[in-house]
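Asks: Letter by letter, the chains look like this.
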Amino acid sequence: MAFTLYSLIQTAILCTNAIAVLHEERFLSKIGWGADQGIGGFGDEPGIKAQLLNLIRSVRTVMRVPLIIVNSVCIVLLLLFG
Amino acid sequence: MDYSTQKPKVRMRGTPMDSSEPSLLFDDTSTGGQPSGHGRQDKAPLGYAGQTLLSDPMSNLAMAYGSSLASQGKEMVDKNLDRFIPISKLKYYFAVDTVYVGKKLGLLVFPYMHENWEVSYQQDTPVAPRFDINAPDLYIPAMGFITYILVAGLALGTQNRFSPEILGMQASSALVWLIIEVLATLLSLYLVTVNTDLTTIDLVAFAGYKYVGMIIGVLAGLLFGKMGYYLTLLWCCASIFVFMIRTLRLKILSEAAAEGVLVRGAKNQLRMYLTMAIAAAQPVFMYWLTFHLVR
Numbered sequence: 001m002a003f004t005l006y007s008l009i010q011t012a013i014l015c016t017n018a019i020a021v022l023h024e025e026r027f028l029s030k031i032g033w034g035a036d037q038g039i040g041g042f043g044d045e046p047g048i049k050a051q052l053l054n055l056i057r058s059v060r061t062v063m064r065v066p067l068i069i070v071n072s073v074c075i076v077l078l079l080l081f082g
Numbered sequence: 001m002d003y004s005t006q007k008p009k010v011r012m013r014g015t016p017m018d019s020s021e022p023s024l025l026f027d028d029t030s031t032g033g034q035p036s037g038h039g040r041q042d043k044a045p046l047g048y049a050g051q052t053l054l055s056d057p058m059s060n061l062a063m064a065y066g067s068s069l070a071s072q073g074k075e076m077v078d079k080n081l082d083r084f085i086p087i088s089k090l091k092y093y094f095a096v097d098t099v100y101v102g103k104k105l106g107l108l109v110f111p112y113m114h115e116n117w118e119v120s121y122q123q124d125t126p127v128a129p130r131f132d133i134n135a136p137d138l139y140i141p142a143m144g145f146i147t148y149i150l151v152a153g154l155a156l157g158t159q160n161r162f163s164p165e166i167l168g169m170q171a172s173s174a175l176v177w178l179i180i181e182v183l184a185t186l187l188s189l190y191l192v193t194v195n196t197d198l199t200t201i202d203l204v205a206f207a208g209y210k211y212v213g214m215i216i217g218v219l220a221g222l223l224f225g226k227m228g229y230y231l232t233l234l235w236c237c238a239s240i241f242v243f244m245i246r247t248l249r250l251k252i253l254s255e256a257a258a259e260g261v262l263v264r265g266a267k268n269q270l271r272m273y274l275t276m277a278i279a280a281a282q283p284v285f286m287y288w289l290t291f292h293l294v295r
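First to last, the sequence lines map onto chains A and B.
Residue 1 is where the first sequence starts when you use full-length UniProt numbering, and the numbers rise one by one after that.
Residue 1 is where the second sequence starts when you use full-length UniProt numbering, and the numbers rise one by one after that.
Rather than coming from a laboratory, the hints here were simulated on the basis of the structure.
Some clues are possibly wrong.
Think about it this way: if two alpha-carbon atoms lie no more than 27 Å apart in a straight line, the pair counts; the simulated BS3-like pairs of lysine-lysine are [as the list claims (entries may be wrong)]:
1) A:LYS49 - B:LYS267
2) B:LYS251 - A:LYS49
3) B:LYS251 - B:LYS103
Rough simulated footprint, nothing fancy, chain A against chain B, three-plus residues with beta-carbon under 8 Å [unchecked claim]:
4) 130-138
5) 175-185
None of the values given here were measured: they were computed from a predicted structure.
The C-beta atom is built at its ideal place from N, Cα and C for all residues, glycine as well.
Using the sequences and the hints given, assemble the complete structure.
Replies: Here you go:
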């Protein structure tokens, strides 16, 4: 219950890491969530599943490099300050 | 002492030619102070110092350069800050006046008689909250948040559970829940692909309106005990639920469904569920954030 802003940052980093480690061909394609399986029809707007797959793919592409930096900073800070 | 001979000495203190005069002796003792001489003494050195500061070309140049540098720096800070936090857009949300705040607070507690919930536009831009009661603002949520923290401190103080750290904990806790709620709403709006003109700041404003009900509930709990707390909280939860549904229906649902006509189709049904979910989350948060304050 007693949340702090720091725990929110921790949660955000952990969730983004979790999305970033999902492997494209070993896991996502196997369960039908691959990048090419999201595009359903072109006429109507995409459904929820297509939006979700789009979101996962964009998070993995965009956040890869910033996550490396943020994770390294976190590791150094945790080593220094416990 | 001789005032008439003192006056010319004080005024011409700056010029070096006077040092040859024998009456220079008076200068040293004049600072010892007679009242009238003292007054004149105070003004003259300051005037003398100010005059040299302004008349010296080097310091003139330095002052001009310093002020131009300061204005340049201020411009750069403003431009960069505007990129992250849209200051001009924020100003729209704080353009409120007393009549608007009063009417809006009344609407938050009793939304059942209000007829027209549409936001009026003026040439494609929404009208400022001062002129339209349906427009969202950030003044009430900001003030409500701060008042909620103060009332939480008051409630904890009456139960002898108060310490200054608790105020900070309450504040960051409520802020974190607000951020989580806004992020969850943004995520669900993205997943359902709603073409709406709801900005993030609008969502923050709508999420912040529940603090008014929470404050009223906690104050009633302090005055009338647990029964009063539960009754007022129930009333405020119901009114926030109705308020959110009536406001969000116009923004999220399509035009036909907003007018009350039952439109079938998976898309509108999903959007209706989303509106209900957002509105139902408000009472849950209201209870979650206040039940530990009233014992």
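Asks: Please go over all the hints and tell whether each is borne out by the structure.
Replies: Hints and how they fare:
Restraint check for LYS49 of chain A and LYS267 of chain B: the C-alpha separation of about 14 Å stays at or below 27 Å, so the hint holds. A C-alpha spacing of about 23 Å is found between LYS251 of chain B and LYS49 of chain A, which places the hinted pair at or below 27 Å, so the restraint holds. The suggested pairing of LYS251 of chain B with LYS103 of chain B holds, with an alpha-carbon distance near 21 Å, which does not exceed 27 Å. Only residues whose C-beta sits within less than 8 Å of a C-beta in chain A count toward coverage, and the segment 130-138 of chain B has 0 of them, not enough to reach three; the restraint is violated.
For a cut-off of 8 Å, the count of residues in the segment 175-185 of chain B with a CB near a CB of chain A stands at 5, and the three-residue condition holds.
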